[in-house]
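S.K.: Protein chains in written order, with the UniProt record's numbering: chain X, 1 to 470; chain C, 1 to 470.
Source of the hints: derived by calculation from the structure; they are not laboratory data.
Nothing here was measured: the structure is a model prediction, and the numbers come from that model.
Do not take every clue at face value.
Pairs involving identical chains hold if they fit within one copy or between any two copies, as the list cannot separate such chains.
[As the list claims (entries may be wrong)] In silico EDC-like cross-links for lysine to aspartate or glutamate, where the CA-CA straight-line distance does not exceed 16 Å:
id, residue 1, residue 2
1, 288, 363
2, 288, 222
3, 325, 271
4, 58, 271
5, 325, 267
2 protein chains.
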Amino acid sequence: MSQHVDNAVDAVRTYIADHRTAFLDDLSAWLRIPSVSAQPDHAPDVRRSADWLVAALKDTGFPAAEVWDTPGAPAVYAEWPSDDPGAPTVLVYGHHDVQPAAREDGWNSDPFEPVVRGNRLYARGAADDKGQVFFHTLGVRAHLAATGRTSPAVHLKLLIEGEEESGSPHFRELVERHADRLAADAVIVSDTGMWSEDTPTVCTGMRGLAECEIRLYGPDQDIHSGSFGGAVPNPATAAARLVAALHDERGRVAIPGFYDGVVELTDEERELFARLPFDEERWLRTAKSHGTGGEAGYSTLERIWARPTAEVNGIGGGYQGPGSKTIIPSSAMVKLSFRLVAGQDPAHVRDAVAAWVPGRLPEGVRHEISFSPATRPCLTPLDHPALQSVVRAMGRAFDTPVLFTREGGSGPAADLQDVLGAPVLFLGISVPSDGWHAPDEKVELDLLLKGAETSAHLWGDLAEHWRHAP
Amino acid sequence: MSQHVDNAVDAVRTYIADHRTAFLDDLSAWLRIPSVSAQPDHAPDVRRSADWLVAALKDTGFPAAEVWDTPGAPAVYAEWPSDDPGAPTVLVYGHHDVQPAAREDGWNSDPFEPVVRGNRLYARGAADDKGQVFFHTLGVRAHLAATGRTSPAVHLKLLIEGEEESGSPHFRELVERHADRLAADAVIVSDTGMWSEDTPTVCTGMRGLAECEIRLYGPDQDIHSGSFGGAVPNPATAAARLVAALHDERGRVAIPGFYDGVVELTDEERELFARLPFDEERWLRTAKSHGTGGEAGYSTLERIWARPTAEVNGIGGGYQGPGSKTIIPSSAMVKLSFRLVAGQDPAHVRDAVAAWVPGRLPEGVRHEISFSPATRPCLTPLDHPALQSVVRAMGRAFDTPVLFTREGGSGPAADLQDVLGAPVLFLGISVPSDGWHAPDEKVELDLLLKGAETSAHLWGDLAEHWRHAP
Numbered sequence: 001m002s003q004h005v006d007n008a009v010d011a012v013r014t015y016i017a018d019h020r021t022a023f024l025d026d027l028s029a030w031l032r033i034p035s036v037s038a039q040p041d042h043a044p045d046v047r048r049s050a051d052w053l054v055a056a057l058k059d060t061g062f063p064a065a066e067v068w069d070t071p072g073a074p075a076v077y078a079e080w081p082s083d084d085p086g087a088p089t090v091l092v093y094g095h096h097d098v099q100p101a102a103r104e105d106g107w108n109s110d111p112f113e114p115v116v117r118g119n120r121l122y123a124r125g126a127a128d129d130k131g132q133v134f135f136h137t138l139g140v141r142a143h144l145a146a147t148g149r150t151s152p153a154v155h156l157k158l159l160i161e162g163e164e165e166s167g168s169p170h171f172r173e174l175v176e177r178h179a180d181r182l183a184a185d186a187v188i189v190s191d192t193g194m195w196s197e198d199t200p201t202v203c204t205g206m207r208g209l210a211e212c213e214i215r216l217y218g219p220d221q222d223i224h225s226g227s228f229g230g231a232v233p234n235p236a237t238a239a240a241r242l243v244a245a246l247h248d249e250r251g252r253v254a255i256p257g258f259y260d261g262v263v264e265l266t267d268e269e270r271e272l273f274a275r276l277p278f279d280e281e282r283w284l285r286t287a288k289s290h291g292t293g294g295e296a297g298y299s300t301l302e303r304i305w306a307r308p309t310a311e312v313n314g315i316g317g318g319y320q321g322p323g324s325k326t327i328i329p330s331s332a333m334v335k336l337s338f339r340l341v342a343g344q345d346p347a348h349v350r351d352a353v354a355a356w357v358p359g360r361l362p363e364g365v366r367h368e369i370s371f372s373p374a375t376r377p378c379l380t381p382l383d384h385p386a387l388q389s390v391v392r393a394m395g396r397a398f399d400t401p402v403l404f405t406r407e408g409g410s411g412p413a414a415d416l417q418d419v420l421g422a423p424v425l426f427l428g429i430s431v432p433s434d435g436w437h438a439p440d441e442k443v444e445l446d447l448l449l450k451g452a453e454t455s456a457h458l459w460g461d462l463a464e465h466w467r468h469a470p
Numbered sequence: 001m002s003q004h005v006d007n008a009v010d011a012v013r014t015y016i017a018d019h020r021t022a023f024l025d026d027l028s029a030w031l032r033i034p035s036v037s038a039q040p041d042h043a044p045d046v047r048r049s050a051d052w053l054v055a056a057l058k059d060t061g062f063p064a065a066e067v068w069d070t071p072g073a074p075a076v077y078a079e080w081p082s083d084d085p086g087a088p089t090v091l092v093y094g095h096h097d098v099q100p101a102a103r104e105d106g107w108n109s110d111p112f113e114p115v116v117r118g119n120r121l122y123a124r125g126a127a128d129d130k131g132q133v134f135f136h137t138l139g140v141r142a143h144l145a146a147t148g149r150t151s152p153a154v155h156l157k158l159l160i161e162g163e164e165e166s167g168s169p170h171f172r173e174l175v176e177r178h179a180d181r182l183a184a185d186a187v188i189v190s191d192t193g194m195w196s197e198d199t200p201t202v203c204t205g206m207r208g209l210a211e212c213e214i215r216l217y218g219p220d221q222d223i224h225s226g227s228f229g230g231a232v233p234n235p236a237t238a239a240a241r242l243v244a245a246l247h248d249e250r251g252r253v254a255i256p257g258f259y260d261g262v263v264e265l266t267d268e269e270r271e272l273f274a275r276l277p278f279d280e281e282r283w284l285r286t287a288k289s290h291g292t293g294g295e296a297g298y299s300t301l302e303r304i305w306a307r308p309t310a311e312v313n314g315i316g317g318g319y320q321g322p323g324s325k326t327i328i329p330s331s332a333m334v335k336l337s338f339r340l341v342a343g344q345d346p347a348h349v350r351d352a353v354a355a356w357v358p359g360r361l362p363e364g365v366r367h368e369i370s371f372s373p374a375t376r377p378c379l380t381p382l383d384h385p386a387l388q389s390v391v392r393a394m395g396r397a398f399d400t401p402v403l404f405t406r407e408g409g410s411g412p413a414a415d416l417q418d419v420l421g422a423p424v425l426f427l428g429i430s431v432p433s434d435g436w437h438a439p440d441e442k443v444e445l446d447l448l449l450k451g452a453e454t455s456a457h458l459w460g461d462l463a464e465h466w467r468h469a470p
């Protein structure tokens, strides 16, 4: 590391140490607002949270910060242009709404009264996602202080959603409506985590998601399994056979065309994944599962991060109550979700599924299939210059080499990639023990401040190494 | 037909015609008692129905008629010994409880106010089963009148259950408790139907029934299909694969040992089934189904009457509500029922199923399996002398050749066969249009009286051709 960088690291670290108390006080004030988007009672709190954030961003120095209304809960938008007109534009994404939480769910303290125990800050939203949004405010101040600048080295934009915990029902529409103002060269999503306290990582992509519900109809009503059983098709059997046919004997999805376009893992990616200190027993405990399984030829991490899947989320048909009922059910249904990886087109997958189902049904069973709006996969190649900047910034903050992960889940980030046509990078400092959506959610204070350090280093690095969008 | 038989036919027919009005009046009085065993409100009515029947049987001439209590609804027992000590003993089975019914379900008249429209008697229980129990009272009187006897030609016993429409929860216990008094050479079940108005048939057997519920457990709780999907086993998928594996590609049940002991159809039986005027389109309408399917190499009637089956009565797992939920469910379940045919031992089938399941589950999915009490199949060979008597008696009543059916369902008759060690014969005059369990249940008056004629001819024929139990 050069002296120049060393100095910057020290300057950032000093600034952040000096402002730690005020930062935590402010964050705590925000965490006290129970901005639970899923509970209508809390709608005023979600609005209060948005207003609070607008004020905080103005205090931080953002020349423009405003509430963006949606038909649901409001988002917050802010921008701080660089005085360098040729600098890249970066959009930070996060959310200010939180999951429901109540003391009686098993919290050791009031979820909306932040408290520090040990070196952890406990509160609903501490990690998901207020803490990770808010470290950027400290980060940009540290960036300015350490560099002597009066505006960020990049054109900085923030979009902080208010409905992420409710499934982002209006997010895409919001992004489309404001696409001009949101235009960016790269999107930084700060709503994820890293491998562990000791292993900082950058997430390079998320899987996409296509979902459908298939309803199968047999007899016009439930019929007697004695009088008719063995001679007419049973839609529950048909549903089961459909699900059983989803995978071949090697665990690959057996729907023709499903893998079309899949971007295969590179040797480098596989090698980098393999460097992560992965403890399968421990992972199984996290997964609350009792065995691994899946596509042959891939490791567990490769399966959840880089391979597409077909999963049954729900199946139902016939009598499910206590005891027995000797019927052939009149209908059955399955809910399927397909995780998609880079290169897969959700519309193509949808067509492949829709084309596959009818041929697998017996005569006398008709079907209906409905698809939910899909989420595209996103993936930033390891050699992308913006990704390299994130890695360097994080490396400076953590003083340790940064590895790579991906995210098996899917998120609204893909809408940003889609609408804005910008690569999405994931910068998160949460760790698996933070308890997202669970009682006693917390954030590690050291990591929170490392997040601010990373943010502080990132803007200058981006401006230096990525003068213009490719 | 001999002159002797002709005379007997005429004498029986004349007696029945002469007593038709009183018989229908009495039956109507019984039908007015809403003996709905499934509805606790009607418990006093079920008892009233039993008391009414005891009185009616005594009026008929049965020297002994009594109510038999159970922990649920009461049964009625009656006996009328023959003055011929060497005569066979026959036990008639039926039930005096009825399905629920309410005018607003779609009845054109009060279900408990019997009414004759055209040549049909409409009331709940008209066919199922009061009408078919009651024709035996007229039958035995006609038998005595036509033969000049003062007691029946056979030792006649009646067991009329009060909980058949509630699943006969105490029937087996009742039969076991009274096995000595119920001892018989043959059981005549009058709780079934015949092919059609124009095609009188005798049912020669019922399928048995084994039922189980299989619960599959994967992760300890529902887990995120993005974070974990593709790398851990999904119990809903496992449930589906289990169901899909139940049958091979020829529609045969694929559980090893399932077919052990199955009595195959004889050529004669197949030929006799094939003589029935079967209209598959019409049957499909009755089945409210839109296609046939099942074990290759068998006709629809063979499939429902004479072949064992595996059916899914219920399947469930994961999220079944509106919309989607991206989870790997923690558990799933399937309810299976197996119809069994003669030669199959329910305990052996149970063992075969229990042995088959574990080997079909992936690592990380554990299971629990529970079986309901099973019902044995029953089948009387075509050449059984008692069956031959039923065929002749019915032939005399209907003046037309009698064909054979079986019943795909399963019933408490099997308990009689089991406990008493006697063959079970089915003598029913109901037709498919009678609307069992449906609004506007009715019985065809002509057929009801043919039932009484059959009953009148049967006792003498049995005594003549089957002097002693084999």
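S.K.: Starting from the hint list further up, note which numbers the structure goes against and sort them upward.
M.R.: 3, 4 and 5
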